[in-house]
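S.K.: Taken in sequence, the protein lines are chains V and L. Be aware that the first sequence starts at -1, since it is given in the numbering used here, and climbs by one per residue. Be aware that the second sequence starts at 563, since it is given in the numbering used here, and climbs by one per residue.
In case anyone wonders, no lab produced these hints; they're calculated from the structure. Incorrect hints may have been included.
To be verified - Residues from chain V that face chain L, not an exhaustive set, calculated with beta carbons under 7 Å:
1) Gly226
2) Glu238
3) Thr239
4) Ile241
5) Thr270
6) Pro272
Unchecked claim - Not everything, but these chain L residues come out facing chain V in the computed CB check (under 8 Å):
7) Glu614
8) Ser634
9) Arg638
10) Val642
11) Ile643
12) Leu647
13) Ser748
14) Trp768
15) Ser775
16) Pro906
The beta-carbon is built from N, C-alpha and C at its ideal position, and this holds for glycine as well.
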Amino acid sequence: MRRSFLKAKSKKFLFALATLLLFAGCAGARTNSAKSVETGDHRKFTDGIGRAVSIPPNPRRIISLAPNVTEILFALGLGDRVAGVTSYCDFPEAAKEKEKIGDTLNPNLEKIISLKPDLVVVSTSSQLENLTLRLDQLAIPVYVTNPRTAPDVVASIRNLGEVTGTSERAAEVARGMESRISAVEQRVKNLPRPSVFYVLQTGPLITAGRNTFINDLINIAGGKSISGDETADYPQFSRETVIARAPEIIVAPAIHGSELVKESDLRRDFATTPAIRSNRIVRVTPDLVDRPGPRIVEGLEQLAEGLHPLGAQASSPASLPK
Amino acid sequence: MRVESLIDQVSTQLPGDPVKSYLTRRRALIVFSVLLLALLGCAIAALSAGSEHIAAGRLFPALISKLTGTVSTLSREQDVILFSLRLPRIALAIGVGAALAIAGAAFQALLRNPLADPYVLGVSGGAALGSITAIIFASDLSYSRPLFGFAGAAIVTLIVYRLGRREDDPAHLVLAGVVMSTFLSSVIAVMTTMADNVKLRNITLWLLGDLSSGAVEGLFFVTIAVAIGAAVLLTQSRALNLMMIGDRDAFAMGVETARVRWVVHLTASLLTGAAVSAGGAIGYVGLVTPHLVRLAAGSDNRLVIPASAIAGAIMVLIADTIARTALSPRELPTGAITAMVGAPVFVYLLLKSR
């Protein structure tokens, strides 16, 4: 009896001791982390949508929740530090080898946590407000990028360079992009601006509105979108209006052989437009014009070449009076 | 046609047949002329309205010059807008509306169930699944959408019919249909997550009903389906009248109920398949239109089926014109408009019938 009582007592004691130590440990850890913020170990940043984010220096396990973010991280030479990407992240080739955390719209929270990230980068285009909130509550640093225009993209690359401790490399990438953007701007500066209709898809007919990336690219490439005053981002658009506004060039995405927008559909629906009559359908690679990442300049150059072909600048049909 | 003559004999022998007494030549004439005039008026208004307005007064001269081949008073662009875009789309709206409303009227009469409609029975879901399969896996194949839609509707009809076949219990069939449509919508949900981003948007918009893109190939199939469907169902409308009293009574009066069931069910399904594959899942037309017609003109199916066709055409035509013009140059999904109008009307009918 007595013996067992003692035993129980000592058990209780051990348990109490352990609990005490655990608490002490936790308290210690807490003060430690607080201290590190004070000493500037963690650094404070303001992200693309104005949130204050505290991020450890040189994050080692970065998760990207958008293809454009993945491209930026690899361009900054951070490929080794990328711990997870979405299933849509297919560029560069090495990104395909990375751990997948779901697709852009439905990332798997458990998978993200299991990868123990010290930084998660989100793009606003993925509409992940809820996920951002959850990660915040779990004290996982989330940095949101929010590029709306081509200059925004360059700025977001600089910012991500700061955040990840690669600002020199970022500045290099950004300068390269800026010079290519201004080269395009210079080239089209004095050329007439043809009216452009961007077809995201037919059936139903979807185009791009004012605040979209593609609209900005069309403007920089020396064109003017006929749906450039639409407030919705990707509105379903009236075919009648397209015919009445008579675009001089139709821009449509094309991918690896299988076309998203069939040429025969465009020729049938918009036969009267100057674009079809003078056979000016410009194909752009969707990944290059849709993803606000480093390759956006390639998309821009592709678009500029389509709107203002280098070989035919002097006698471009766009320069003829309507 | 031994059955038809039998029904004639039987129904003339019935004193004060409640169904028969509703329909007179005069009533039919009034109903059809009112509906046709309304349809004509709506069509003219719809031709004139659009993101590019063309005055109604210029339509007729333009039509004449188009038919006679003389120089049109319209600009080239207006000519294309009017004759290549608006006219086919209006024709498609009329065809889709007629198909859905006839199918709804037939299902309601056959099942003696005011809630019966292509959507409740899962037939629309089958057509939608077929069309979505075509969009995802066979978008390069021409006519794949309507053909797959037909196939989907027909297969679902067969399954639902087998599952729900009970001698005199229409509720069983509706139950089978409800189960089928929930099953199909989950299959569609799984398929849309498999599709890539752009096609996904295509599908979600199309599921809401879209008449802007099916005009060319869809119109062909819908026209054929409506012509065949209306003709077949009209031959069955007397039998349907008797079956509304009850299958056993109808059988006792000489109606081959099993055969009528099969014919009506398949025809209505094919109508739905054509309509859904051409115009997406436009709801409430098949449900509400026949009720409105019965309310105004009595429940004799010889009148209800063709009158529903015209009324359904008017409904979808108005809805689609609103979809084209309300926020132009932006376009709205046609199915959203029919649901916004149709749902309150249906609730009103429910409350009123109590």
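S.K.: Confirm or reject each hint.
M.R.: Consistency of the hints with the structure:
1. Here the hint on Gly226 (chain V) is broken, as its CB sits about 12 Å from the closest CB of chain L, past 7 Å.
2. Hint status for Glu238 (chain V): holds, given a least beta-carbon distance of 5 Å to chain L, under 7 Å.
3. For Thr239 (chain V), the interface hint holds, since its Cβ comes within 7 Å of a Cβ in chain L; the closest pair sits about 4 Å apart.
4. Of the supplied interface hints, the one on Ile241 (chain V) holds, with its beta-carbon coming within about 5 Å of a beta-carbon of chain L, less than 7 Å.
5. Annotation: Thr270 (chain V) was flagged as interfacial toward chain L, and the flag holds, the nearest CB pair being 5 Å apart, inside 7 Å.
6. Below 7 Å, beta-carbon pairs count as interface contacts, and Pro272 (chain V) has none with chain L, the closest being about 11 Å; its hint is therefore violated.
7. For Glu614 (chain L), the shortest C-beta to C-beta distance to chain V is roughly 4 Å, which falls under 8 Å, so the interface hint holds.
8. The closest approach between the C-beta of Ser634 (chain L) and any C-beta of chain V is roughly 13 Å, which is over the 8 Å cut-off, so the hint fails.
9. Look at Arg638 (chain L): its Cβ gets to within about 5 Å of chain V, closer than 8 Å, so that hint holds up.
10. Against a cut-off of 8 Å between C-beta atoms, the interface hint on Val642 (chain L) holds, since the closest Cβ of chain V lies about 5 Å away.
11. A distance limit of 8 Å between C-beta atoms decides the matter here; for Ile643 (chain L) the minimum to chain V is near 5 Å, and the interface restraint holds.
12. At a threshold of 8 Å, the smallest CB-CB gap from Leu647 (chain L) to chain V is about 5 Å, leaving the interface hint in force.
13. Taking 8 Å as the C-beta cut-off, the interface hint given for Ser748 (chain L) is violated, the closest approach to chain V being about 16 Å.
14. Contact between Trp768 (chain L) and chain V, as hinted, is supported at the beta carbon level, the nearest pair being about 7 Å apart and thus within 8 Å.
15. Below 8 Å, beta-carbon pairs count as interface contacts, and Ser775 (chain L) has one with chain V at about 3 Å; its hint therefore holds.
16. Here the hint on Pro906 (chain L) is broken, as its CB sits about 25 Å from the closest CB of chain V, past 8 Å.
Violated hints for the displayed structure, listed by number in ascending order: 1, 6, 8, 13, 16.
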